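If you read the protein sequences in the order shown, they are chains A and B.
Quick note on numbering: the first sequence equals residues 1 to 375 in the working numbering.
Quick note on numbering: the second sequence equals residues 1001 to 1076 in the working numbering.
Note that these hints are calculated values from the structure, not bench results.
A quick note: this is a predicted structure, and the numbers were derived from the prediction, not measured.
Incorrect hints may have been included.
Calculated lysine-lysine pairs in the BS3-like style (CA-CA distance at most 25 Å, straight line) [to be verified]: (1) A:K56 with A:K77; (2) A:K2 with A:K221; (3) B:K1074 with A:K269; (4) A:K77 with B:K1053.
The calculated label-pair distances, taken between Cβ atoms and stated as ranges, are [stated by the list, open to error]: (5) B:P1048 with A:S60: 43 to 51 Å; (6) A:E222 with B:V1071: 48 to 56 Å; (7) A:L210 with B:V1071: 18 to 26 Å.
In silico negatives: residues of chain B with every beta carbon more than 10 Å from chain A [said to hold, decoys possible]: (8) V1007; (9) A1044; (10) V1054; (11) V1058.
Glycine included, C-beta positions come from ideal geometry on N, C-alpha and C.
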Amino acid sequence: MKILIVGGGMGGTILANNLARKLRQELKAGKASITMLSASDKHMYQPGLLYVAVGKMNPSELYRDQVSLLEPSIEFKVDPVVEFNLDNNNVKAKSGTTYNYDIIVIATGSRTHAEGTPGLAEHAEQFYTEADAVKMFKRLESFKGGKVVVAVGVPHKCPMAPLEITFMLTDYFKNRGIWDKVQLHYTYPIGRTHSLEPVAKWATPEFERLGITYETLFNMKEVTANTVISEEGTEAEYDLLITVPAHKGMQVIEDAGLGAGGFIPTDRKRLNMEGRDNVYVLGDTTNLPISKAGSTAHFEAEALAENIASMATIGTATRDYDGKVFCFIEAGEGKATYAMFNYQNPPDPKAPTAGIHMFKTAYNKLYWASARGLL
Amino acid sequence: MAERKIVDAKNTFCPGPLMELIANMKQAEVGDELVVLSTDEGSANDIPEWINKVGHEVLETSEEDGVWSIVVKKTK
Chain A
1 MKILIVGGGM
11 GGTILANNLA
21 RKLRQELKAG
31 KASITMLSAS
41 DKHMYQPGLL
51 YVAVGKMNPS
61 ELYRDQVSLL
71 EPSIEFKVDP
81 VVEFNLDNNN
91 VKAKSGTTYN
101 YDIIVIATGS
111 RTHAEGTPGL
121 AEHAEQFYTE
131 ADAVKMFKRL
141 ESFKGGKVVV
151 AVGVPHKCPM
161 APLEITFMLT
171 DYFKNRGIWD
181 KVQLHYTYPI
191 GRTHSLEPVA
201 KWATPEFERL
211 GITYETLFNM
221 KEVTANTVIS
231 EEGTEAEYDL
241 LITVPAHKGM
251 QVIEDAGLGA
261 GGFIPTDRKR
271 LNMEGRDNVY
281 VLGDTTNLPI
291 SKAGSTAHFE
301 AEALAENIAS
311 MATIGTATRD
321 YDGKVFCFIE
331 AGEGKATYAM
341 FNYQNPPDPK
351 APTAGIHMFK
361 TAYNKLYWAS
371 ARGLL
Chain B
1001 MAERKIVDAK
1011 NTFCPGPLME
1021 LIANMKQAEV
1031 GDELVVLSTD
1041 EGSANDIPEW
1051 INKVGHEVLE
1061 TSEEDGVWSI
1071 VVKKTK
């Protein structure tokens, strides 16, 4: 069985490593192979960008060589896919090479699309790439005070990011001693301060305690040099605009017509592309109505690894993905909490503690063990 | 009548039915009709609230066996 994994992010890497261990005998006997195609020879710890943006991490801490994270039995190539030929069970890559497969897993991720909102890319600071996070930090360092607006597009990667950057900005301005010169204003697309109601019930009084103003039902329509105009007909003036922009799937997915916005229609339990039984989708690449987060990709990858391994050995899948998501929430003031939920059970986040913040800080390093499929 | 797009947000908590609808509305064309399926009772209020505030149109709201079905039309 030839297994082809397209994408070397969190989902693809955990899947590849788990499969390599579960199919050790089959790989050794030449009855199975695992090939990963990626656009980069480096693997980035993406949640670290949030810390880079406020000067708490250096970009050099975010990277490992992708090959160092993979089991030796996995064939790894830096050769991004440029064409999907799903009817013929092959893909064409940038090098011109055609890769055939029996099973393909598409885990190409998502990207920011600030350009979709007029004026946003020109006027806002964002933190979803290394260059953007460093640029944002430099802008913060030169900021002397004024109105700071946080504005959020839909859909976006990491549902906790809007709250986390708001609380981390609060800490940043306090530490610089200019909090009394800053008015921090948070906006959010739906009618409460976070999509998870228990999280919103915690965050809203925190905003009030800290003096952070907020406006809900605020979806960016257009941005000028000093104002964000919402779809709902309101405006927020700013001196510094921080955005969590809307995201899209990767261009190659859109170009191949695999899904609107670059998100592939996916079965929520078996994770196969709708209408195809040898094409699977992981993480941000799916169109599933669940969080676009590393933990989603992680738990999906664990379920899918079991299924592909069992298909290779007994001819059938054995388990469903249950919708599990686990997200840390940095709460500022050296504290954090978390939200864990699945398709059936809503989250019940506890009050933030210093202990959870310490664990999150440790996880910033433990991530690499997680990517290797060891945690 | 054009086929209605189904936004199946049943049994999901984050980002939730309204956020899913907002994302799908961005991809829709003016005149398109979308059906949001939700097991969150709050959707029956917060989806019409947003639709009315932005100026789109709510065509139907119904509930059967704990699943709310809210049909909306993109008008601009």
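Here is how each hint holds up against the structure:
1. A:K56 with A:K77: Not satisfied, since the Cα-Cα distance of roughly 33 Å exceeds 25 Å.
2. A:K2 with A:K221: 46 Å, violated
3. B:K1074 with A:K269: 30 Å, violated
4. A:K77 with B:K1053: 50 Å, violated
5. B:P1048 with A:S60: 43 to 51 Å: For A:S60 against B:P1048, whose Cβ atoms are near 50 Å apart, the range 43 to 51 Å holds.
6. A:E222 with B:V1071: 48 to 56 Å: 28 Å, violated
7. A:L210 with B:V1071: 18 to 26 Å: At 40 Å between Cβs, range violated.
8. V1007: 8 Å, violated
9. A1044: Given a closest Cβ separation of 13 Å, the condition holds.
10. V1054: Violated, since 5 Å does not exceed 10 Å.
11. V1058: Holds: least Cβ distance 15 Å, greater than 10 Å.
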